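**Q** Here is what each chain is made of, one letter per residue.
2 protein chains.
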Amino acid sequence: MNAFDKMIARQSAIFSRLCIGLDTELSKIPEHLHGLESPILAFNQQIIDATSEYASAYKINTAFYEQYGLSGWEALKQTIEMIPNEIFTIADAKRADIGNTSAAYARAVFDDLNCDAITVNPYMGYDSLAPFLEREDRMVIVLALTSNPGSSDFQRLISDGKPMYQHVIETVLSWKRNASIGFVIGATHPEELALIRQYASDAVLLIPGIGAQGGDIDAIMKANGNGPVFINVSRGIQYAGAGEQFGEKAHEAAKFYKERIGYTA
Amino acid sequence: MNAFDKMIARQSAIFSRLCIGLDTELSKIPEHLHGLESPILAFNQQIIDATSEYASAYKINTAFYEQYGLSGWEALKQTIEMIPNEIFTIADAKRADIGNTSAAYARAVFDDLNCDAITVNPYMGYDSLAPFLEREDRMVIVLALTSNPGSSDFQRLISDGKPMYQHVIETVLSWKRNASIGFVIGATHPEELALIRQYASDAVLLIPGIGAQGGDIDAIMKANGNGPVFINVSRGIQYAGAGEQFGEKAHEAAKFYKERIGYTA
Chain U
1 MNAFDKMIAR
11 QSAIFSRLCI
21 GLDTELSKIP
31 EHLHGLESPI
41 LAFNQQIIDA
51 TSEYASAYKI
61 NTAFYEQYGL
71 SGWEALKQTI
81 EMIPNEIFTI
91 ADAKRADIGN
101 TSAAYARAVF
111 DDLNCDAITV
121 NPYMGYDSLA
131 PFLEREDRMV
141 IVLALTSNPG
151 SSDFQRLISD
161 GKPMYQHVIE
171 TVLSWKRNAS
181 IGFVIGATHP
191 EELALIRQYA
201 SDAVLLIPGI
211 GAQGGDIDAI
221 MKANGNGPVF
231 INVSRGIQYA
241 GAGEQFGEKA
251 HEAAKFYKER
261 IGYTA
Chain A
1 MNAFDKMIAR
11 QSAIFSRLCI
21 GLDTELSKIP
31 EHLHGLESPI
41 LAFNQQIIDA
51 TSEYASAYKI
61 NTAFYEQYGL
71 SGWEALKQTI
81 EMIPNEIFTI
91 ADAKRADIGN
101 TSAAYARAVF
111 DDLNCDAITV
121 NPYMGYDSLA
131 PFLEREDRMV
141 IVLALTSNPG
151 SSDFQRLISD
161 GKPMYQHVIE
171 TVLSWKRNAS
181 IGFVIGATHP
191 EELALIRQYA
201 SDAVLLIPGI
211 GAQGGDIDAI
221 MKANGNGPVF
231 INVSRGIQYA
241 GAGEQFGEKA
251 HEAAKFYKER
261 IGYTA
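From first to last, the protein sequence lines are chains U and A. If you use the working numbering, the first sequence corresponds to residues 1 to 265, in order. If you use the working numbering, the second sequence corresponds to residues 1 to 265, in order.
Any given hint could be a false lead.
No copy labels: a pair is met if it fits in one copy or bridges any two.
Said to hold, decoys possible - The calculated SDA-like cross-link candidates involving lysine to any residue, where the alpha carbons are at most 20 angstroms apart (straight line), are:
hint : residue 1 : residue 2
1    : Lys77     : Asp112
2    : Lys176    : Pro149
3    : Lys28     : Tyr68
4    : Lys77     : Pro39
5    : Lys77     : Gly161
6    : Lys28     : Ala103
7    : Lys28     : Arg107
8    : Lys77     : Gln67
9    : Lys162    : Ser152
10   : Lys176    : Ser152
11   : Lys28     : Gly99
Hints were generated in silico from the structure; no laboratory data involved. Quick caveat: nothing in here was measured; it's all calculated off a predicted structure.
This is chain U alone, in the form it adopts within the complex:
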């Protein structure tokens, strides 16, 4: 089964296109977990238990684990191991480097961490992504138009009548590859999303920026049409509750977002 088929199998089994971010920070974990040996793992285990029935994917941002050094890297690996096999896993790592170096990153994320997908940065061009693109059982999700304010600094520069992010999408789609392919499009850009679906109708889109970042779900789902998507919510689910009831609150929030996003085959 390739990564795209795994995505669709999971989404159609639970009628959900919700992706849940596991961007765990010690300062945001409820107090009653702080005495445990690994508060991060205890928190993540309860979040996964509470939300997995609605999760088509979990997205783990490597930064939040790397900030804790060795113990963080260990928690990252163990968190990925906790996730049930049928649920899609995305390492939100935004990597890319020259070819022989990207090959090392591909081994780190696909072989050591064993994630189904990785997010990558297109700035360094084809050979920087080739080691990821050659993996037929994985998905490579390329940054295109991100959700943050800085997305207008370079991604929207116009060249030959088209914004940079459109060059990225069209060029990446023209490259030979074995991996499934996807793009990151921020939920803060529904008008651009509708245009992107005109030239990338079948590409998987990973859409973050719902909730804490202000993206509008209805506008996004309308602009996306029937294209394959993961709609990501991180803080809005992980930190829906702050006290001992955080698991229940996360469960309710995941159910809410799954239903608001909706599902069409």
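Starting from the known structure of chain U, fit chain A onto it as the hints suggest.
**A** Structure of chain A alone, referenced to chain U:
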């Protein structure tokens, strides 16, 4: 002392602008070290001992350590700790993400790993680099025109009569910041380097691509003029020798490159 002053102090003390890459891979370490508890650390310690008198900086590419998982991350941290304090350290990590996430990467590289500088990717714009740029005792080195073939895919797209990489350099130099600033320019582009020095005469440039990647030292040093630079060599020093004499061979290669690069105050 800010990071730029640390760079200049080291370079003027040893008359060297050589930066040595520590991109260690188990498959390239001499056989006689493989029985040890940590072949990577034993190798790196000997490379550092053999080359430190010529090293204005060491550049550690995080990918090569991440590929070994937990033990790799531990070796990364311990390698940085081995480097004498007066030598500049660059985490070649090519990170960047939305603001709160980049803040976690800044903590990982500046606080946990305690490097003087980090390489970052500009694609996501200002707020993705702000958490790095606010650190007054560190240096932020932004990818501009990289050494690899894929650098022509997006970095050279023309917008408003200028290539993308020029937009990146000029825009980043216009941003407010506390950190020292630098740019990555591949040694494979001497003509463009001469042009870049016309509008970024004082910026620090980190120039990789000498040796294994085919960059020409003389052409690069002429194009650079008197601008502040780190000229990086990785494989050409680390793997100059393959057997028990690898330390001596690395010493000779570092001396060779230091002298070929030359030094002007």
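**Q** Each of the hints needs a verdict: does it hold here or not?
**A** Going through the hints against the structure:
no. : hint            : verdict
1   : Lys77 x Asp112  : both (8 angstroms within a copy, 19 angstroms between copies)
2   : Lys176 x Pro149 : between (32 angstroms within a copy, 16 angstroms between copies)
3   : Lys28 x Tyr68   : within (14 angstroms within a copy, 29 angstroms between copies)
4   : Lys77 x Pro39   : within (15 angstroms within a copy, 23 angstroms between copies)
5   : Lys77 x Gly161  : neither (44 angstroms within a copy, 46 angstroms between copies)
6   : Lys28 x Ala103  : between (34 angstroms within a copy, 15 angstroms between copies)
7   : Lys28 x Arg107  : between (31 angstroms within a copy, 16 angstroms between copies)
8   : Lys77 x Gln67   : both (14 angstroms within a copy, 12 angstroms between copies)
9   : Lys162 x Ser152 : both (14 angstroms within a copy, 17 angstroms between copies)
10  : Lys176 x Ser152 : between (29 angstroms within a copy, 17 angstroms between copies)
11  : Lys28 x Gly99   : between (37 angstroms within a copy, 17 angstroms between copies)
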